[in-house]
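Student: Here's the letter readout for the chains.
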Amino acid sequence: MQIAPMLDMAFQLLTFFILTYHPMPQEGQFLMNLLPAIPSTSSAEAASDAASDKLPAELRTLPTTLKAGPGGSLGEIIVGEQAVPTTPAELEKELDKYLQDPTLPFDQTVLKVDPNLKYSELMRVINAFSNSFQRAKKPPNISFEELPPGA
Amino acid sequence: MSAQMSTELKAEPNLTPLLDVVFQLITFFMLMINFSSDNYDRRITLPVAGSARPIEDDRQVDEDRLVLNIDKDGHLLMGGEVQPIHQAVQTIKRQADLIKLNLKAAGKKLDTSGSLPTTIVLRADRDTSFSSVHELIKACQSNGFRKFALKAMNS
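Chains A and B, in that order, give the protein sequences. Take 1 as the starting number for the first sequence in my numbering and just add one per residue. Take 1001 as the starting number for the second sequence in my numbering and just add one per residue.
If we strip away everything but chain A, and leave its shape as in the complex, we get (with noise of 0.2 Å):
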């Protein structure tokens, strides 16, 4: 049996998948609910957390700001009112302090976030929290504020 012409055919078609193939970078994703800003002192909420038997969610909400350095790197995070280092390691210790004790009602956050903060400060930050929520064995709640120009 001749099968010389076969093997010219599953040749060239090696040859087009070997150039047209394109591994994929492995990517991932953090999935978040965002919901459009609204007064956090809202009656539907109010109602909503009186039914649930739990705290406001303004006192369940660590506040977060980021403030950028020249170049749009991260040049200041301010957690609640005290500034943390910026590294990651470091920044990871600090925000365990506030989700892991128990005696504080923290289960979100929100990042107010310079305008001029480069995505990829953010996603640090952002991979920072995700964590440390993880740590504390809460689910990363996440939402975004951009902070005032100048602010």
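It should be emphasised that the hints constitute simulated quantities derived from the structure, not laboratory data. Incorrect hints may appear among the rest.
Claimed, not checked - Sample of chain A residues lacking proximity to chain B, with all beta carbon distances greater than 12 Å (derived): (1) Val79; (2) Glu81; (3) Thr86.
What the hints assert, rightly or not - Label pairs and their in silico Cβ distance ranges: (4) B:Arg1043 x A:Met1: 44 to 52 Å; (5) B:Gln1090 x A:Pro25: 28 to 36 Å; (6) A:Phe16 x B:Arg1043: 19 to 27 Å; (7) A:Pro5 x B:Thr1027: 16 to 24 Å; (8) B:Leu1101 x A:Phe16: 34 to 42 Å; (9) B:Asp1041 x A:Thr87: 28 to 36 Å; (10) A:Pro105 x B:Arg1042: 38 to 46 Å; (11) B:Thr1045 x A:Gly75: 19 to 27 Å; (12) B:Ala1105 x A:Gln2: 54 to 62 Å; (13) A:Pro25 x B:Ala1011: 45 to 53 Å; (14) A:Pro25 x B:Gly1079: 17 to 25 Å; (15) B:Thr1045 x A:Thr87: 16 to 24 Å; (16) B:Thr1027 x A:Pro56: 57 to 65 Å; (17) A:Gln2 x B:Arg1043: 42 to 50 Å.
The beta-carbon is built from N, C-alpha and C at its ideal position, and this holds for glycine as well.
Got chain A sorted already, so can you dock chain B onto it with the hints?
Tutor: For chain B alone, kept in the frame of chain A given last:
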């Protein structure tokens, strides 16, 4: 006599194992080819976040998704076009209207809050400023999108 012997001795290589290997390779490349990568723009360099979950492991993301690629200048890359922010807002509105029409045609109703079931997959460049990303997030929110997936590289 010697001429007759030389015509009978044929040395043909056995090509079957080679063909087997080639077909195995073809099968591998056919299975690995990713036809769904059309939405994933290679001009975007994603930020790195170690705890971003791989898509395969996640069952919460619906099949219904809208991918938004945002370049480092804050422009939306969609349908082969580079759209500035005001045009991007219009595009998002059009997409939301289409999704609402599709839901209506399928006889599905929106929930009381009017939120759409579609997940917005945000693939923003690592050097994009937050203000550009936030503008698009706000545009999505005002058109009824609530579910977001922020993309990052695992390592």
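Student: If a hint holds in the structure, say so; if it does not, say that too.
Tutor: How the hints compare with the structure:
Separation of Val79 of chain A from chain B is adequate, the least Cβ-Cβ distance of about 18 Å exceeding the 12 Å criterion. No Cβ of chain B approaches the Cβ of Glu81 of chain A within 12 Å, the least distance being about 22 Å, so the stated non-interface status holds. At the 12 Å boundary, the C-beta of Thr86 of chain A stays outside the reach of chain B, the nearest C-beta of that chain being 15 Å off. Distance hint check: the CB atoms of Arg1043 of chain B and Met1 of chain A are about 50 Å apart, consistent with the given range 44 to 52 Å.
In this structure the supplied range 28 to 36 Å holds for Gln1090 of chain B paired with Pro25 of chain A, their Cβ-Cβ distance being about 31 Å. Take Phe16 of chain A and Arg1043 of chain B: their Cβ atoms lie about 25 Å apart, and the range 19 to 27 Å holds. With their beta carbons about 20 Å apart, Pro5 of chain A and Thr1027 of chain B fall inside the hinted range of 16 to 24 Å. Between Leu1101 of chain B and Phe16 of chain A the beta carbon distance is about 39 Å. The supplied range of 34 to 42 Å therefore holds.
Take Asp1041 of chain B and Thr87 of chain A: their Cβ atoms lie about 31 Å apart, and the range 28 to 36 Å holds. A beta carbon spacing of about 44 Å between Pro105 of chain A and Arg1042 of chain B agrees with the range 38 to 46 Å that was offered as a hint. Between Thr1045 of chain B and Gly75 of chain A, the C-beta spacing of about 22 Å keeps the proposed range 19 to 27 Å intact. A hinted range of 54 to 62 Å for the beta carbons of Ala1105 of chain B and Gln2 of chain A is consistent with their spacing of about 56 Å.
As the Cβ distance of Pro25 of chain A to Ala1011 of chain B is approximately 48 Å, the hint placing it in 45 to 53 Å holds. At roughly 23 Å, the beta-carbon separation of Pro25 of chain A and Gly1079 of chain B lies within the given 17 to 25 Å, and the hint holds. At roughly 23 Å, the beta-carbon separation of Thr1045 of chain B and Thr87 of chain A lies within the given 16 to 24 Å, and the hint holds. Distance hint check for Thr1027 of chain B and Pro56 of chain A: the Cβ-Cβ separation is about 59 Å, which falls inside the suggested range of 57 to 65 Å.
In this structure the hint that Gln2 of chain A and Arg1043 of chain B lie 42 to 50 Å apart at CB holds, the actual value being about 48 Å.
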